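As a plain string of letters, each chain reads:
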Amino acid sequence: MDLQQYKAEDFILNDSFVRYCLRSNESDIQFWENWLERYPHKQEEAAIAREWLFRLGLRITPEEKEAEFGKLKLAVAGAATPPSAFPRKRIIRIAAAVMLPLILAGSWLLSKRQGHTPQQSDTYTIYTAAGSIRREIMLADGSHVILNASSTLKVPHSYNQQDRRLELQGEALFEVAGVENKPFIVNSGSLHVQALGTAFKLRAYPFDTAAAVLLVNGKVRVAQAAATADLQPGEQLTTGKEQPAFRKSTFDTSREMAWRKGQLIFSNASLADIAASLEYWYGIKVVVQPGKYKPIRFNGVFSNKPLQDVLAAVCFVNGLSSSTKNNILYIQAVTK
Amino acid sequence: MLNANRTAEMPAGKHEEKDYAGFWYEMQQDNEQGLYKIYHELYDNFYHYGISVVLDKAIVKEAINDIFVEIWRKRHQLEMPANINAYLFICFKRRLYKMLAREQKSAVISDSQLFREPEEQPWETVLIRQETDSLVKEKLEKMLTLLTSRQREFIRMRFYEDLSIDEIAMKTAATPRTIYNTIHNALVRIREVYTDATFIALLLLLIDIEKNS
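Line by line, the protein sequences are chains S and G.
Residues in the first sequence are numbered consecutively from 1, following the working numbering.
Residues in the second sequence are numbered consecutively from 1001, following the working numbering.
These are computed hints drawn from the structure, not numbers from a lab.
Computed from a prediction, not measured in an experiment: that's the story for all the values here.
Among these hints, one or two may not hold up.
Okay, derived cross-link-like pairs now, DMTMM-like style, lysine to aspartate or glutamate, Cα gap no bigger than 25 Å in a straight line [claimed, not checked]:
{"hint": "1", "chain 1": "G", "residue 1": "Lys1098", "chain 2": "S", "residue 2": "Asp141"}
{"hint": "2", "chain 1": "S", "residue 1": "Lys65", "chain 2": "G", "residue 2": "Glu1079"}
{"hint": "3", "chain 1": "S", "residue 1": "Lys7", "chain 2": "G", "residue 2": "Glu1153"}
{"hint": "4", "chain 1": "S", "residue 1": "Lys73", "chain 2": "G", "residue 2": "Glu1070"}
{"hint": "5", "chain 1": "S", "residue 1": "Lys7", "chain 2": "G", "residue 2": "Asp1162"}
{"hint": "6", "chain 1": "S", "residue 1": "Lys73", "chain 2": "G", "residue 2": "Glu1026"}
{"hint": "7", "chain 1": "S", "residue 1": "Lys294", "chain 2": "G", "residue 2": "Glu1103"}
{"hint": "8", "chain 1": "G", "residue 1": "Lys1037", "chain 2": "S", "residue 2": "Glu66"}
{"hint": "9", "chain 1": "S", "residue 1": "Lys285", "chain 2": "G", "residue 2": "Glu1138"}
The following block holds chain G by itself, in its conformation from the complex (with noise of 0.2 Å):
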């Protein structure tokens, strides 16, 4: 792998270090509960981290499971890794390249080059991407386009990053009632553009797709 360095890495998240040496060692003793718990506790991290990166809640899903369902195959082989989120999370990036890897095989014929490390891609083409429906795209891309970066950058940073209004005036030096002011003006205008009726079928429409995905 190219940038050795980055395995190591955490994904995004604000979780802190927890000790998941309990719920191994229950899975150890054949208790799927263990396996259970750890799923969910690093569940999130690893799908956020998968989304920015593959742009397929597809595939990003398939991954997760892939390799917690191999994680209780060789429960009996593995030995109890020092740092088992960190672990863990190596052993989904490994797969979900191996599944991206598998895909741009197929896809393109002439780029024979070494596999490069995909990159996380930038919020604004995870959330068109990730889209399997074109027409919820379309939507979303022009909904983009009617706000401003700073609207665009606030929203990014309250709830992609995760961080709170507090937080996100420390870094831009805003004042926290204009960074609450501008996501809401923000909201509104998506809001005026689409009326409330196409709002809630294009809503509608959302949770029918996942339901049936």
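Extracted from the complex, chain S is given alone in its bound form (with noise of 0.2 Å):
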């Protein structure tokens, strides 16, 4: 059959196309790298074969692994031992045995000199809460993090040496371990929380133009440029993102303990209640459709479930749709 008239079955029946899609030979990929190069016209037919190819064979796609290839080089970036003056690698390879002493003096006297400037020269452990599914971390003096959906957490190996310092971002509940002259504190972006001996929760997530200190018990100091506050148990202040714009106020301490809990709780919820509840539990932005809605009287109680379930659920029984494009969940009536 003629390659012109080939259409997205043909491709993906053709197996020199299916080794230029999975790359496992190298003068098929020559040729239909050229081949399309010259036939742009027949691009869009080769892309959808190239789909459902990937698709029809629960294949991750290149693109896909390329990412994931990149978060493991990073991580083995930051699992390394910080660099030492001269050329390690090569020393090893021709004198392991003698040199061995030796780098552990010079990566002690390393640790030793770090001890003064933790920020710089630093290497991280990163935590991630992939997906829509919240995770919780032990960090070495005994306190524990629950770190919400679509979050990020940089703990420097550094930690619990002189202080205790760490990033965020998105969203986590810390719940601090005393530990005397070793202060807590968290970064994001300009704001710092500092704490001792506290549980409390901050929120700073990306999509969002604002962040949220909430404090549930003990108490912490928050700086912002010039700006400092202190908090009171159940209280909660505001403030902008970039800058500071301080604003206290009361949490509903019934939300937090069902969050601490895991309990995502629908009462008696209209559309907007369930659209503002999902942004606050996962982190993710979400936007209502315009269109003509039936009106929504929710109930449900959701233990540690992914995004998924709960807006399968929800749009189930409520007549709703959901898609997710660039990071936004957009919720719509579904059309008969």
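Make the complex out of the two chains shown on their own, each in a separate frame, by following the hints.
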């Protein structure tokens, strides 16, 4: 059959084309890359075939894999010991046994020096709550962190040596172990929250313009640029993520207790309530598309369920549908 | 673990036994390229097994990266395993079950029985469940109902099990021509129901989701 007549279903049944998509044969890759360049009007059908191939075969696409490889490289770089002053790799190869004590001494010196400038030349462990599932982390000092969905916590390897500094993007609840003379500080952009033996929550998602600190018990000090404020238990402080705009209020303690337990509760919730809860809970921007909706009063309790499970239930019961695009969750009425 | 005999099993796939000792050695010499070479060699097989058990892309991806970071961290303590592929695969399975157990523990309160080793799910189930987007899920579900069981079987064998048409012919006693036509008709059928425009819109949506995930 003439390649010019090919549609997606023909491409996908061509073994050479499959090998090109899977990158398993160099000459097939060469051939199809050239061919598709020469006949750009066939690129669309070829793209469909390629999508089918990966989807039906339950394969990860090269693009996704590349993204994962990027993450691995980052993590490996983060896990590496601080580089010493000389090209260590080569020297080890020459005389591994002789070098070993020297390296130990060298890294000891480095760690000593690091103590004075913990933020520079530091390495991190990065925790990510992937997808819509929260994640619990126990830190070296016994402090406990619940990292909410779509959030990242950076823990320097020097954590708990001189002080306890963390970096957060997104939202997390911190239950801080009391350790004398080692202040516990969480940074998120320009915002700093310092605690001593406390449970508090910091929320600073990229899609929000505001950030919030909620104090469950104990005492925290919030600092941003030149502004500082102390919070009492039950108080929350909201501010701009870039610039300080402090505003204190009380928060709904029952909601936070449910959050702590991992329970997402809808009680007589309207569509706007549902959207607000999902946005709060999963750290994802939620947009309700304009349209005609039946009045919604939704009740339900979800225990540590991923977003897609909650969405499936909410949408099914209320005749809604949802879609995700560019990290925004869109909710719309099902059109009949 | 209940099914101890399964742990030595290799993930499906047609990769011949390879010797990764050289790469492992490079890694132990603090050269991360060795680690990366093993990663690229094994990734597809691990993913293939993981997605069929866990049905969640994000978890599978995270588990794979986790074990490779772990190996890198412990590179100086670890002795070179006799069979590197089998060793890493066992690490990967353990990590998957741990992550899965964590999720199930939080989801199921009443079930306090022993943790069961998850089983590989049928292709159709994985195909639908791996999607996080309900719209896409629905479309895929509809798409599958359009196909006959024979069409689904051949598609699964050709694209998921990665068998050639001749190999499928050997297994099923159908002629290669029949198999080719059956798959072709199935894809044409899918296309008829979803006009090109919808399908392309759907594909664009999928590509978008992948970029963002």
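Okay, the hints, checked on the actual structure:
1. The suggested pairing of lysine 1098 (chain G) with aspartate 141 (chain S) holds, with an alpha-carbon distance near 24 Å, which does not exceed 25 Å.
2. Our distance criterion of 25 Å between C-alpha atoms is broken by lysine 65 (chain S) and glutamate 1079 (chain G), whose separation comes to about 28 Å.
3. The hinted pair formed by lysine 7 (chain S) and glutamate 1153 (chain G) meets the criterion: a straight-line CA distance of about 22 Å does not exceed 25 Å.
4. Taking the CA atoms of lysine 73 (chain S) and glutamate 1070 (chain G), the gap is about 13 Å. The hint holds against a cut of 25 Å.
5. Proposed proximity of lysine 7 (chain S) and aspartate 1162 (chain G) is supported: the alpha carbons are some 21 Å apart, at most 25 Å.
6. Between lysine 73 (chain S) and glutamate 1026 (chain G) the alpha-carbon distance is near 16 Å, which keeps this suggested pair within the 25 Å criterion.
7. This hinted pair does not check out: lysine 294 (chain S) and glutamate 1103 (chain G) have alpha carbons roughly 34 Å apart, beyond 25 Å.
8. Between lysine 1037 (chain G) and glutamate 66 (chain S), the direct Cα distance comes to roughly 13 Å. Compliance with the 25 Å bound is thereby established for this hinted pair.
9. Of the pairs offered as hints, the one joining lysine 285 (chain S) and glutamate 1138 (chain G) holds, with about 23 Å between alpha carbons and a cut-off of 25 Å not exceeded.
Of the numbered hints stated above, those contradicted by the structure are hints 2, 7, listed in ascending order.
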